[in-house]
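Residue numbers (this note's numbering), protein chains in the order written: chain A, 57 to 344; chain B, 261 to 571; chain C, 405 to 647.
Source of the hints: derived by calculation from the structure; they are not laboratory data.
C-beta: ideal position from N, C-alpha, C; glycine also.
Please note that a few of the clues may not be correct.
Said to hold, decoys possible - So these bits of chain A aren't anywhere near chain B, every CB distance computed over 12 Å: (1) L119; (2) L206; (3) T229.
Said to hold, decoys possible - Simulated crosslink set (DSSO-like; lysine-lysine; CA at most 27 Å straight-line): (4) A:K144 - B:K552; (5) C:K537 - B:K567; (6) A:K144 - A:K242; (7) C:K484 - C:K531.
What the hints assert, rightly or not - Below, a sample of chain A positions facing chain B; criterion: calculated Cβ distance under 10 Å: (8) R142; (9) A233; (10) L236.
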Amino acid sequence: MDILITGILLGGTYALIAMGLNLQYGVARIMNLANGEILVAGGYFAFIAYTATQLSPILTIFLVAPLAFALNWLIYRVMLQPLVTRAKTRGQLETDSILATFGLSFIGVGLMLSFFGGDYFSYSFMAVPLELLGNTYGANRVISFVMAVLICGALYLWLNWSRPGLSIRAIATAPAAARLVGIDVKHLSALAFALGGAVTAVGGALISTYLTLDASTGVVFTLKALIIVIMGGVGDVRGTIVAALLLGILETVVASLLDPGLTLAAAYVMFLGILLFRPQGLFGKKPT
Amino acid sequence: MSLTATDIRNLCLSALALGICALLPFGDNGYWLGLGVTIAMFTALATSWALFSGPTHYISLATAAFFGVGTYVTGLGIETLPFWALVILAGGIGAVLAALVGLATLRLSGVYFVIFTLGLAELVRQAITWVQNNSGQKGLYVLTDLDEAGIYWWLLGLTALVLLGGWMIGRSRLGFALRIIGDDETVAAHSGINTARAKVLLFMVPGAVAAMTGAILAPRYVYIEPSLAFAPILSFQVVIMALLGGASRLWGPLVGVIPFTFLLEAVSSNFPNQTTLVIGIAFLVIVYLLPKGFVGLLDAVLHRINKTGAV
Amino acid sequence: MASSVLSLRGVTKRFGGLVAVNAMDFDVAEREVVGLLGPNGSGKSTTLNLVSGALPLSSGSVSLWGSRISGLPAQTINRKGVSRTFQLVRLLASMNVRENVVAGAVFGHRRRWGRDAYDHAEMLLEKVGLGGKGDMALGQLTYIDTKRVELARCLASDPKVLLLDEWLAGLNPTELQIGITLIKSLRDEGRTIILVEHVMDAIRSLCDRCVVMAAGAKIAQGTPSEVLSDKEVIRAYLGDDDA
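Chain A on its own, in the form it takes in the complex (with noise of 0.2 Å):
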């Protein structure tokens, strides 16, 4: 029960950042690799306003996120619009994509690592034991569980109610025909990738309140991101976040009951059960 808890709370999180990621490759078609420096950045932004002016990290994101969504959407505008114009297949635009973000995952570490060094960084924010059916949790993780699922929430009610989510979610099922009924494609892609970019960073704010984060740690957090987006299937809100709790869950059953060195090993043996048995995501239609 305990490991249990502990399991969904670190899969809330695990929803946001990977909702960030789902919504860069569902809308804009840019598999972002440099997904987890974006994360690590937010913590960065969240650890130093906090040890500098003692901001509190809930605070701290309504800064991060404007930050954020700015740095994405020239990103896009800049970098990575340009491959998708020149892009003449998918598979072209796919193998760019990658390349070019892969690119902007290692400057980005490059660029942390001067400016703040290679040391782990944590910070103790509201370390304090909170009760909860009886065991006792981390205030600072119930705390991001809660912003995490008040985050995605709003998303979700976002994207399926108002006028530019609808819009959204039309270009993630079908880019041709949404741009046919006057969609304009560019301008929302480079709205979902900041939008993406800004998700991510929050939930690097979130997950610095309780996990050591270091320059190069990003790469991790892509990998669990793409592993939970392909899990639970591309553009698929409730499947993601299905497949971010099976994740915190099987992470904490591995690194209480085995061994905490083996978590990545484990989220990988689900993503070979996945890509073996259910390729098209946990809820994805069978296509026959």
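The hints should help you fit chains B and C onto chain A, whose structure is shown.
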């Protein structure tokens, strides 16, 4: 197919170039030989990488995983088996591992393949670390009488084998099938090509070569531990070198390996903290400035010269 | 129809809730040219994709000379002697014209390699009207020539059954006559042909028999003149008001 006069001439020239390269240890035993080892290693890795990824456009980041497995084959077997047998064994294990990875991922789109290979080194590393922790053993000593020159010659031999093999594959049905698959997989299947089998077969080549490279280099490390053997950066370096040179020709990667090795060497000795930044910039240079590598640049220049020459 | 080369039984294809092809039954005899007609979106191309193995069937079966081929991958079906062209011409961009044709000869029904494959490709290029153009890059070709390259590639494995997906579409009247003559000559060589087609002239002069589809199902079959005067066929094409 039979050999033409040009083929024979090229083969002789290549053999001659190889012979000259083999003389390096007699000229210098320190810095330059070390650099020679690095260049030979990356040439073998990048050329074999491009054999698969050039025609198919699948980006493999599994090099570090196969390489690490190879070093462990040597590390575990050096007490019981002769070195040459370990290199062959590593090649076999690398090929089988590549086949398994290929079977699981190559029938799906390229993204799945990239993601899976990206984490493969980490997966194997965590598994080996766990086994070592549970058996109370931290690392492995590899003690041989193989010196730097010996390692260099082994790697040079492997590189020659890769180039020869690549040349033969390029002329074979398998090579032709891969070119068709790279252009249009649907057409390939409707032309009678078993696309999954062709891709898996060819992916076994870089798998085997990377494992053999790891096995050959293990004596250089003396002490092997997982974080060293499975350093993920190796996979990225190989991708950059191969694409920088150009994956469309057999000798393309070589053109990328040499300048990039010197560049990284210069950067890491002068600005040791900036290597990640350099790798990042190299990726962007490839995507935005040199999408077809130096080979593509050369082709474009030659094309222009021909055009203006004709006018 | 004991001697039928290809037979479809209850062939059905569902995409999610949409039934694109619904319980199609028909047979094709040896050396027969069968036209597959129907309005846009009626499931003709999908039917062809099901026969060639490009898509898996949801239910039903396709047999070639009495043995089941549905469920087999496309490459196996091709090796058994079924070859196809695509509705939107698909060529191999990195290769020249001759190599595009060789690509069809190396792995298919009857295999050739090396000198043999190149000579064979040259012969086919001659036959489809591209003699001497083997060294050209694809970018230099006119539209009809790209279609010719694709047909030559398709013929390179010496297939017994040809599936032509709107191969005559988009040609001008002169080109159309050349195309029709070419397809006739293929039938005379002993090949069995299914063509998805909209061009009525071609259907009248080429097809021994036609199968008409509407909304995924077969609504008529018979000689071209029979089906083209069929009430239901006219209704399917023109709508209820005009019938």
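To see whether the hints hold, each was checked on the structure:
For L119 (chain A), the non-interface assignment is confirmed: its Cβ lies about 26 Å from the closest Cβ of chain B, beyond the 12 Å cut-off. The claim that L206 (chain A) is not at the interface with chain B holds, since no C-beta of that chain comes within 12 Å of its own (minimum 29 Å). With 12 Å as the threshold on Cβ separation, the claim that T229 (chain A) sits away from chain B holds: the shortest Cβ distance comes to roughly 18 Å. Using a Cα cut-off of 27 Å, the hinted pair K144 (chain A) and K552 (chain B) holds, with the two alpha carbons roughly 15 Å apart.
A hinted pair counts as satisfied when its Cα atoms are at most 27 Å apart, and K537 (chain C) with K567 (chain B) qualifies at roughly 21 Å. Distance check on the hinted pair: K144 (chain A) and K242 (chain A) sit about 16 Å apart at the alpha-carbon level, within 27 Å; holds. For a cut-off of 27 Å, the pair hint linking K484 (chain C) to K531 (chain C) stands: about 23 Å separates their Cα positions. Evaluation of the R142 (chain A) hint against chain B yields a held restraint, the C-beta minimum of about 9 Å falling below 10 Å.
Contact between A233 (chain A) and chain B, as hinted, is not supported at the beta carbon level, the nearest pair being about 21 Å apart and thus beyond 10 Å. Using the Cβ-Cβ criterion of 10 Å, the hint placing L236 (chain A) at the interface with chain B is not satisfied: the shortest such distance is roughly 25 Å.
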